[in-house]
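Undergrad: Spelled out from the first residue to the last, the chains are:
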Amino acid sequence: MDLSVVISLGYVLASGLFIFGLKKLGSPATARKGNMISAVGMLTAIVVALLDQGIVDFTWIAAGMVVGGAIGAIAARAIAMTSMPEMVALFNGLGGAASLLVGWAALTPDAATFTLVTIVLSILIGGVTLTGSLIAYGKLSEILGSGAVMFKGQQLVNSLIIAGVVGSAVMFCLQPTDPTWLYAVIGLSLVFGIMVVIPIGGADMPVVISLLNSYSGLAACAAGFAINNNVLIVAGSLVGASGIILTQIMCKAMNRSLSNVLFSGFASVANEATEIDGEIKPITAEDAYYILEAATNVAIIPGYGMAVAQAQHVVKELGDLLEANGAEVNFGIHPVAGRMPGHMNVLLAEADVPYDQLLEMDEINPRMELIDVAIVIGANDVVNPAAREMESSPIYGMPVINVADAQTVFVLKRSMASGFAGIENPLFYKENTRMLFGDAKETLSKLVRELSG
Amino acid sequence: MNGAEYLLFILMLAVFLGFELINKVPATLHTPLMSGANAISGITVVGAIAIAGNGNQDLAQWLGAGAVALASINVVGGYMVTDRMLSFFKKKEG
Numbered sequence: 000m001d002l003s004v005v006i007s008l009g010y011v012l013a014s015g016l017f018i019f020g021l022k023k024l025g026s027p028a029t030a031r032k033g034n035m036i037s038a039v040g041m042l043t044a045i046v047v048a049l050l051d052q053g054i055v056d057f058t059w060i061a062a063g064m065v066v067g068g069a070i071g072a073i074a075a076r077a078i079a080m081t082s083m084p085e086m087v088a089l090f091n092g093l094g095g096a097a098s099l100l101v102g103w104a105a106l107t108p109d110a111a112t113f114t115l116v117t118i119v120l121s122i123l124i125g126g127v128t129l130t131g132s133l134i135a136y137g138k139l140s141e142i143l144g145s146g147a148v149m150f151k152g153q154q155l156v157n158s159l160i161i162a163g164v165v166g167s168a169v170m171f172c173l174q175p176t177d178p179t180w181l182y183a184v185i186g187l188s189l190v191f192g193i194m195v196v197i198p199i200g201g202a203d204m205p206v207v208i209s210l211l212n213s214y215s216g217l218a219a220c221a222a223g224f225a226i227n228n229n230v231l232i233v234a235g236s237l238v239g240a241s242g243i244i245l246t247q248i249m250c251k252a253m254n255r256s257l258s259n260v261l262f263s264g265f266a267s268v269a270n271e272a273t274e275i276d277g278e279i280k281p282i283t284a285e286d287a288y289y290i291l292e293a294a295t296n297v298a299i300i301p302g303y304g305m306a307v308a309q310a311q312h313v314v315k316e317l318g319d320l321l322e323a324n325g326a327e328v329n330f331g332i333h334p335v336a337g338r339m340p341g342h343m344n345v346l347l348a349e350a351d352v353p354y355d356q357l358l359e360m361d362e363i364n365p366r367m368e369l370i371d372v373a374i375v376i377g378a379n380d381v382v383n384p385a386a387r388e389m390e391s392s393p394i395y396g397m398p399v400i401n402v403a404d405a406q407t408v409f410v411l412k413r414s415m416a417s418g419f420a421g422i423e424n425p426l427f428y429k430e431n432t433r434m435l436f437g438d439a440k441e442t443l444s445k446l447v448r449e450l451s452g
Numbered sequence: 000m001n002g003a004e005y006l007l008f009i010l011m012l013a014v015f016l017g018f019e020l021i022n023k024v025p026a027t028l029h030t031p032l033m034s035g036a037n038a039i040s041g042i043t044v045v046g047a048i049a050i051a052g053n054g055n056q057d058l059a060q061w062l063g064a065g066a067v068a069l070a071s072i073n074v075v076g077g078y079m080v081t082d083r084m085l086s087f088f089k090k091k092e093g
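Line by line, the protein sequences are chains A and B.
Take the first sequence: its position 48, counting from 1, is numbered 47 in numbering that gives the first Met the number 0, and each next residue is one higher.
Take the second sequence: its position 34, counting from 1, is numbered 33 in numbering that gives the first Met the number 0, and each next residue is one higher.
Isolated chain B (complex conformation) (with noise of 0.2 Å):
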């Protein structure tokens, strides 16, 4: 398999895996899923630090420094107040 058969091929499995694993959820957990997986939605710092340290100080590494910048907030908040709002979480005591 050439690398963008590969590629889709994982696409396509993960997108499934995705479907069964959300299907699932509660109404009551809708809003911290939500932000949980907008927290992981900013893994795009991953790609944007190889960028950002290609030290050629060109226009790519300029977009790649702000990817990180935005990509770390949305990474670092969006697991703090996912885990801000599931602290609330209680079952009844007794």
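Next comes chain A alone, as it looks inside the complex (with noise of 0.2 Å):
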């Protein structure tokens, strides 16, 4: 059989086992072995992309292979699983950077109109993904302030940075052996792809990283039209398809449009002086331990704090105590909680709560009445009743969960500054809640003690 037939099926075959493995992630019980056939299909496609006959010199594949796979090896190995978001942000910055090398290269002298725009494309999307996910990793990481860096002009200046994008992307189409406008698509897409992350704040991330993942995708898809390969393109459209669905779901987690999201930090929103009636009731770590003693109904739901805290361990441990005390317990987790799309299933998920123990918002909100106690460790915007009560509200709109509900509201808080976004919480001057100050995990391992004690 002719090998380049045996290049076309091997692609083939890696294109069928990526679809099998998605479709195996889609469901808790066979996730691990999907993510196992997807490896398979990457590995297929490599072995059949070595026996590429154009190849002459496999010195530098070498290098690239084992210096790029040990890095991410030893990086996947000693991640912690709080900072799980920012080593996705940066692995996917890595795989957009990858893309822009591969339409470059592509470029060859006597190459078609539809080649150079699908070049222009893939360096384009590719830069974008590159600094982009690299800004994001600075402020998941918080080596950068996770505000939203918002300026005077700033729309114009992007306006200015689109355009010329644009211009260069069209000069570079109609005069390819000029490299001045090449490097000028280059540059304007990376700083493109800065300027697009700077003003979304720390609460909007979930949406960017869903972005950037649907971004990296299309970069390869592109490269894929590039270099005229049919995997490149499969696999880069499943990518970019599954981003754009996550980015979906988070902008309806938070009731915003995409643009909204994207344009508009929450910072900018005036923040009205909304009177707030009651007054904040505070509680001893041993009196919440009475309340929580008779409970036979508890939820726990957490937030971008528990992560923060490393507090997820110690939630598994008073959870365990309490349902030793006979009380049923559940967790209800917002779509949006945490800097990630499902962050806190993640963090959970290692401190052995089993997954069916994990309530989404719309499973738990129904039930909310017949819960004796909530506690919310280190979330704030998700759960803020203003969402629901006051129009005057810029979050008014999007679904939290409605813990003031229940009979009784125990907030975990450091202190009484509002939350990311700044906006006043009526949650802790409800008539049923009570704050229990401090960290979180400090917190956390009282209730424990007393409860075990």
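Please note that the accuracy of each hint is not assured.
List of simulated lysine-lysine pairs, DSSO-like, C-alpha gap at most 27 Å [claimed, not checked]:
1) A:251 with B:23
2) B:23 with A:22
3) B:90 with A:32
4) B:23 with A:429
5) B:23 with A:23
6) B:89 with A:32
7) A:280 with A:445
8) B:91 with B:23
9) A:23 with A:280
Note that these hints are calculated values from the structure, not bench results.
Dock chain one against chain two, each of which comes alone in its own frame, and use the hints as you go.
TA: Okay, here's the thing in structure tokens:
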């Protein structure tokens, strides 16, 4: 059989394995196997690519794979689960960078216009993915401030950059032999990636990560067009589609449109002074223990604060003790709790909480009235009743977990500062709310000691 | 069909398939899904391999070699980290 036929069939097999693997990734019971299947698909594609007769020298291929593979393997092993969002962002950016380089390398003096267009697209999307992901990485790992960066004339600057990108892309396609336009496209797309992500604040990160994830797929897809390779197109568009779906789910969970998330940080919303009636009622861990001991139905609602305090293991311990005490314990997970889609689920899974104990917002809300104690750990905006009650609130209309409907609400909170978005939370002033101030992990450890003592 | 139309045809089918596949994934798996998909986007390595091995010692080869290294980080790191995460997911016993 002709070698090129073997190569083509190999790519077909690899695409099939990617599709099958992604399908299996859709259910917790088969997800691990699905990831394996998709990895086998990748291995198949790489082996087949190495059969290519155009390859005369394997030195640099081997060098790249060994160095890259080693870095990837070490990073994957060393990273803590709480740092997962920035790790995913970083890997994502590297994928974008690779597509940028492939698009660039695919440039030949006799390239057809269609190829030139796809080269520009892979450079552009790859470049935006690279710097956008690096900024996201910086914000998530708190190397950079996590707040939204806004300045006067930002819209104008961005419009100029977009015009510059489009202009130099067109000029590049018209004059592919003049490297000036190529460098202009590369430089501007890198700058554009930075500009796209800096105005987005920490709480909106789940949307950004999903979107960048989608871009990295689209960049691979564009590179596939540039070098005429099916498997890049299939795999890239699968990733692109999955990223777009996640982006949509995240936007819906915040009741905001994608353009709203991308172009207007919460910070720009004028904070109207709203009077909230009621007073803050602090409670000690000892008193909280007496209430918890009597509870038969407890819900735990974690947020980003749980990740920051690395409190997932103590949370699990508390849950176990409450269960041993005869209570039913469930976790209520808001879709945008944390810094990336499903962030809380991964942390709790790491702490050995079974996934069938994790309820989605739509599952836990109808049964909230039956719950004796709802424990809010480091979550703020996703449990803010202002989203339902106060039309003047910037988050009005966002679906939230209705913890205020529970008999008693404990809020574990470091201090009275408002959440990331800077929005007052009337939950803290409710009749049935008690505040447990202090480090979440310490407070939980105290409760655990009381319960096991 | 010529080359470009054929590739666009594949693109369209793959996009629809992607939407169908991902639409029903439960929220609990969103992070592994994302990092698993991310690993797949390292497929660029396949394109980079042929370029890095062209033996011409030209700019394209160096760009290709860089792309192989970056994409390999993405692929190896992405799959391993996804597997690590998924190894935590357990159903309640008994």
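Undergrad: For the pair we were handed, residue 23 of chain A and residue 280 of chain A, check the Cα-Cα distance against 27 Å.
TA: violated (48 Å)
Undergrad: Can the restraint linking residue 280 of chain A and residue 445 of chain A be considered satisfied, given a maximum Cα separation of 27 Å?
TA: Measuring from Cα to Cα gives roughly 19 Å; hence the hint holds.
Undergrad: Compare the distance between the alpha carbons of residue 23 of chain B and residue 429 of chain A with 27 Å, and conclude whether the hinted pair is satisfied.
TA: Given that 27 Å is the threshold and the Cα spacing comes to 37 Å, the pair is violated.
Undergrad: With a cut-off of 27 Å on the C-alpha distance, tell me whether residue 251 of chain A and residue 23 of chain B pass.
TA: holds (15 Å)
Undergrad: Would you mind confirming whether the straight-line C-alpha gap from residue 89 of chain B to residue 32 of chain A stays at or under 27 Å?
TA: holds (14 Å)
Undergrad: Quickly compare the C-alpha distance for residue 91 of chain B and residue 23 of chain B to 27 Å and report which way the hint goes.
TA: holds (22 Å)
Undergrad: Compare the distance between the alpha carbons of residue 23 of chain B and residue 23 of chain A with 27 Å, and conclude whether the hinted pair is satisfied.
TA: holds (11 Å)
Undergrad: Quick one, are residue 90 of chain B and residue 32 of chain A close enough, alpha carbons at most 27 Å?
TA: holds (15 Å)
Undergrad: For a C-alpha distance cap of 27 Å, please report whether residue 23 of chain B and residue 22 of chain A respect it.
TA: Distance of about 10 Å is within 27 Å: holds.
Violation of the numbered hints given earlier is confined to hints 4 and 9; the remaining hints are satisfied by the structure.
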